[in-house]
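**Student:** Residue numbers (this note's numbering), protein chains in the order written: chain A, 1 to 190; chain P, 1001 to 1490; chain D, 2001 to 2174; chain V, 3001 to 3352.
Bear in mind the hints are in silico, worked out from the structure with no lab data behind them. Watch out, some of these pointers could steer you wrong.
[Claimed, not checked] If you want the ones that stay clear, here's a sample from chain V, every Cβ over 10 Å from chain P, calculated:
no.	residue
1	ILE3003
2	ARG3011
3	ILE3041
4	LEU3045
5	PHE3068
6	VAL3103
7	ILE3104
8	LEU3112
9	THR3148
10	THR3242
11	ASN3251
12	PRO3346
[As the list claims (entries may be wrong)] When the alpha-carbon atoms are kept at most 27 Å apart in a straight line, the in silico DSSO-like pairs for lysine-lysine are as follows:
no.	chain 1	residue 1	chain 2	residue 2
13	P	LYS1006	V	LYS3289
14	P	LYS1006	P	LYS1151
15	P	LYS1444	D	LYS2144
16	A	LYS33	P	LYS1473
17	D	LYS2085	P	LYS1449
18	P	LYS1023	P	LYS1215
19	P	LYS1215	P	LYS1200
20	P	LYS1461	D	LYS2035
21	D	LYS2144	P	LYS1466
22	P	LYS1444	P	LYS1434
23	P	LYS1151	P	LYS1195
Where is the CB? At the ideal position from N, CA and C, for every residue including glycine.
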Amino acid sequence: MELITLMVGTVLVNNVVLVKFLGLCPLMGVSNKFSTATGMGVATTFVLTLSCMSGWLIEHYILEPLNLQYLRIICFILVVAAVVQFTEMMIKKSSPLLHRTLGIFLPLITTNCAVLGVALINISEGFSFIESMTYGIGASIGFSLVLIMFAGLRERLALSEVPKTFAGTPVALVTAGILSMIFMGFGGLV
Amino acid sequence: MLMKFKVRGGVHADERKEQSTDKPIRVLGIPPLLSIPLSQHAGLPAKPIVTEGQHVLKGELIGATAGDRSASIHAPTSGKVLGIGRIQAPHPSLLSYDAIHIEPDGLDTVYVPENPIDPQQLSAEAIADLVDGAGIVGLGGATYPAALKLKAGSRQNVHTLILNGSECEPYLTCDDMLMRERAAEVISGAQLILKAINAKQIIAGIEDNKPEAIKAMQDAAQAHSNVEIRVIPTRYPMGSAKQLIKVITGREVPTGGRSSDIGVLVHNVATSFAVHQAIYQARPLISRVVTLSGQALETPQNVEVLIGTPVQWLLEQCGGLLSTPTRMLMGGPMMGQILPNTGVPITKGASAILALTEEEINSAPVSPCIRCGSCVQACPMGLLPLEMARHSRADDYDGANEFGLKDCILCGSCAYVCPSHIPLVHYFQFAKGKHRENQIQSRKGEYTKSLSEARMARQEKEAAEKAAAKAEKAAKAAARKKASSNVEEV
Amino acid sequence: MFLTIAVLTSLGLMLGFILGYADKIFAVEEDPLIKDVESMLPGTHCGQCGFTGCGSAAEAMVNGEADVTCCPPGGQVLAKSLADKLGVSADLSNLTSVPLTASVEESLCTGCCRCFRVCPTDAIVGANKQLHYVFKDACTGCGKCVTACPENCIALHQEEETLDNWHWPKPAVV
Amino acid sequence: MMISSPHAHDRSSVERTMYLVCFALLPATLLGFYLFGWPAINLWLLCIAAALAGELLCLSLAGKRLSFALDGSAILTGWIIAMTLPPWGPWWLAVTGTLFAVVIGKHLYGGLGQNLFNPAMLTRVGLLISFPLEMTTWANVNPITSATAPGFIEGLRITFVAAPLTDALTGATALGHVKTALTASIPSSVSVAEIFTLKDALTGFTRGSLGETSALLMLAGGVFLIWKKIIQWYIPVALIVTVAVMATLFNSIDSERYAPAIYHLLSGALMFGAFFIATDPVTSPSNVKGQLIYGAGIGLVTFTIRTWGSFPEAIGFAVLFMNALTPIIDRYFRPRIYGYNYKGTPLKAAKE
């Protein structure tokens, strides 16, 4: 039961993107087409859950016994980079079209602050292995939910006559601001 | 279960039919000049087979079918052919097209075919050929050559012929009056069509706002066991073939398919009346019943008028115009075309001539779409007109197609209910045209690519042959030189 | 100090092995983007894009040197599909979507056969000293025949508007 | 001459739609004026004026016809915002809120019909988060005819001089009272009984926003709109049914902790939201399936936030959250096209 509240907490209440403001660059970069947004969501979910699990293992079985905690960030980045490379190969194999439309944003998942951020939060919150996995999955579902929602909004925005000075990214940033205002409504839920 | 036999969406336009049903159908005389257009049907225009100055009789063939998708045209009355000239088409594009001009001599002598046919023991193919010979097209407005439908129907096992007597467009009462006065001929024409496509039963669909027509057709149907008169709810666009099939048989025509795919064929009551005349009276399609209505017209009424009669003369016969109409239409207000001027001729597809005032049209300046969804509710095909219009406005025709543009029957229900008065049908016609244009262009692209590849292959082959020939000549020359040098040594 | 180096290198090696192994499983040949794009081009090598042939034009488009709207015979349709394929945006304004086709002025043609030799799609039919004629369906409007004709009796015309090819214009946008 | 068919049109128009909705709002607004006196009238006038000013400004900037300002959409937005504000709120609350709604909420996205979020709810949520104190001071009911009601000058002073209102004049709304009671772990059955009486909730004689207090008048306005076919019943019914089902479900599990359905339905802005805000055509899905899911979604989110969240009144957040999901709902829930089956593949020709 406790895991469910943790999950709901990460997806809605303190959403990774809209409340913790992690992972904003893919939100802006990939969300102008619905298909690329869903592709990005799935890729990030895969990467994030894997890196959370491996992050926890590395922390508790390598760094802590050898008290090398100061190496934590480097190791995590190494792992995340490897997982991203692995996903890129898989996507290139399974759907070249998605690979081309995601383009530069696929390798950029490594630098996606949500991925590294969530892994680090897991450690600082002192979660158990199961909790850190749920937290990872919750964070990535929250990220994908916001990304897909945002992609739907931007696709409708693409066809409306937004004034020239606001067309494109400015109006998208305003919409993202409004979205985070909406998610504040879920505050205190958990 | 009820949903199966109910039409979805559609609108309840105020009918304004009573204006033109109080007087019987009036058969008009012969106008001073007749101009019969060559392409007044879906498909290729007819090929004229008369020359200037030639004298023709009433009902004589003046334009033969060109190719398999075409229809023939006949002289509406006896007279002299003035020639084949351009005439303004009853089409908003203001373009003109070819028409055969005939100056009637007033004698109206009828053309008697050499081998008169005995209507009783006609085979199915014979009926289809006679219908083709009589130049009969769908008089509901689609003007698809009727013979093609009969031939297609006989090949596929069609079990039901649906007579379309719904006439759902406001103002239009020509079918209604036709059924009231000539129900027996309509049903006998339907029996002929039934025989031509060897179907089993006839179901006539008539909207419940035409009680007299229903009674007349029921009386006429007593004598026939295989005829059923089905009263259907009054709702526009009930007259559209797909909607009528859904209400009567509960089945839907698969997208991209034809109604004969589900064993059903739809014919307008006026078409079946024309078939009756063609077979029993050897009278090709040279005249039709047209509704003349609208507040700007002196006396709205139904008239039987010769094909090719100028609209101007027709209006004068009905007492002329009370006031200059805001719009002069051919066809009903929902799907009719605006007429550039009254010099255009009556064509086979002209079911009505309306002279409408601004109050009847109720047009207003366009305001932005507020996504209220009343167009989605009104669409009988279940499409999303607001999304289709949004994508068409942004020149994204594939996006518009994704929302069902190719299934749109252009019935106008969405534009009728749109609170912002957005010209939705105009957008869809524009998008359909552009989409078709793009498809033609890409098909032409592939065709020219194959041509250029063939040309390059041919040039390489020719170059290779030339090189081979040159090499062979060089080898022969070398061999000859060697042979001659051997000769010297020996 | 020694420990950190050992841990990092061992971690790096382990991940390197996994990736190397994964690379073999997911090996995929270089996807032939350039060949794809070339197959989409009209293939008439007419040179209107400024490149020698469609192949070099495709290559230029893939690595971004040429804009997807540089192929007039393809018109807006090709530009749009190329833009989708390469994931770039294309402004279609300068591309006239109205196709132009060549036509021979009968009174001036002397039957010198120069034009149908240069036509990339064999759209012109004619023989020595005979009147020449251009097949509208096969002509891409590349204009090579216009330059080749000594009597300049070939000219590019817009298709004549009839009731069949007439289309509704776009409604005035509010 | 290039006028395409159809050449007939029914009597609907954007102006008719908007002004009919304003007409449906009239009874509740007049009750609000009666209950809360002159300050409420000032606020209402300020909102309408600010809405029109913002609309005219943006229309002229965008170079569009200024007559669009009279199509009623700006007036309606201003009117709805006035209805959601606390009745004795300060003037700048109304003006900034309405300008934010009309300029940012609507014209930034391209004008009428292209905004992604309901402008009125955008303002309500924005003001609630940025000015929590002003937005939650609920004036007591003292009818305009009664002696204690502020006169015209007094009303102007309350709205414009905005001296902090003494506690005697204000109190908590039903929702607010139950929420604070819950945090002090007083069972909601007790706190609901204290504050919530059926008669008050129906007639509107209770503290609350300017026009939202009387559920009965809201219901009447909503039914009028459905009868006039301005809105369809799918969204309000879906919303009300979801909230009712959730409330009775949880109430049956633990009647101490969770309030009964009737309380949820008749308190706060639920009725107002169901009939006037959720059915805003621009930001709700365009077909029946989508509207049912949209309504149910708003009901679900409202109930969740009201029961477990920290905000007493959740209609604003719920509507905006579902507005954000509308493009996705529109994408996946479409009517079945004639000639296709429900999965969207073409029907097969009958093989008799």
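**Student:** Quick check for students: does the CB of V/ASN3251 sit more than 10 Å from each CB in chain P?
**Tutor:** Per Cβ check, V/ASN3251 is outside 10 Å of chain P; nearest 35 Å; holds.
**Student:** Is the claim that V/THR3148 lies outside the interface with chain P correct, judged by CB distances over 10 Å?
**Tutor:** holds, 44 Å
**Student:** Has the given pair, P/LYS1461 with D/LYS2035, been kept, meaning a C-alpha gap of at most 27 Å?
**Tutor:** Cα-Cα ~24 Å, so holds.
**Student:** With the threshold set at 27 Å, check whether the alpha-carbon distance from P/LYS1006 to V/LYS3289 stays at or below it.
**Tutor:** holds, 19 Å
**Student:** Is the straight-line distance between the alpha-carbon of P/LYS1444 and that of D/LYS2144 27 Å or less?
**Tutor:** Satisfied, since the Cα-Cα distance of roughly 19 Å is no more than 27 Å.
**Student:** Just want to verify: V/ILE3003 was marked as not at the interface with chain P; is every Cβ pair farther apart than 10 Å?
**Tutor:** V/ILE3003 not clear of chain P: closest Cβ-Cβ about 5 Å, inside 10 Å.
**Student:** Would the pair P/LYS1151 and P/LYS1195 pass a check requiring their Cα atoms to be no farther apart than 27 Å?
**Tutor:** Holds - the C-alpha atoms of P/LYS1195 and P/LYS1151 are around 12 Å apart, at most 27 Å.
**Student:** Please verify whether P/LYS1023 and P/LYS1215 have alpha carbons no more than 27 Å apart.
**Tutor:** Satisfied, since the Cα-Cα distance of roughly 18 Å is no more than 27 Å.
**Student:** Verify the proposed pairing of P/LYS1006 with P/LYS1151, using a straight-line Cα cut of 27 Å.
**Tutor:** violated, 30 Å
**Student:** Quick check for students: does the CB of V/LEU3045 sit more than 10 Å from each CB in chain P?
**Tutor:** The assertion about V/LEU3045 holds, with a minimum of 26 Å to chain P.
**Student:** Should the label of V/PHE3068 as a non-interface residue stand, given a Cβ cut-off of 10 Å to chain P?
**Tutor:** Given that some Cβ of chain P is not farther than 10 Å from that of V/PHE3068, nearest at about 7 Å, it is violated.
**Student:** Within 27 Å, alpha carbon to alpha carbon, are D/LYS2085 and P/LYS1449?
**Tutor:** Roughly 19 Å separates the two Cα atoms, so the pair holds.
Checked against the numbered hints above, the structure violates hints 1, 2, 5, 8, 12, 14 and 16; every other hint is satisfied.
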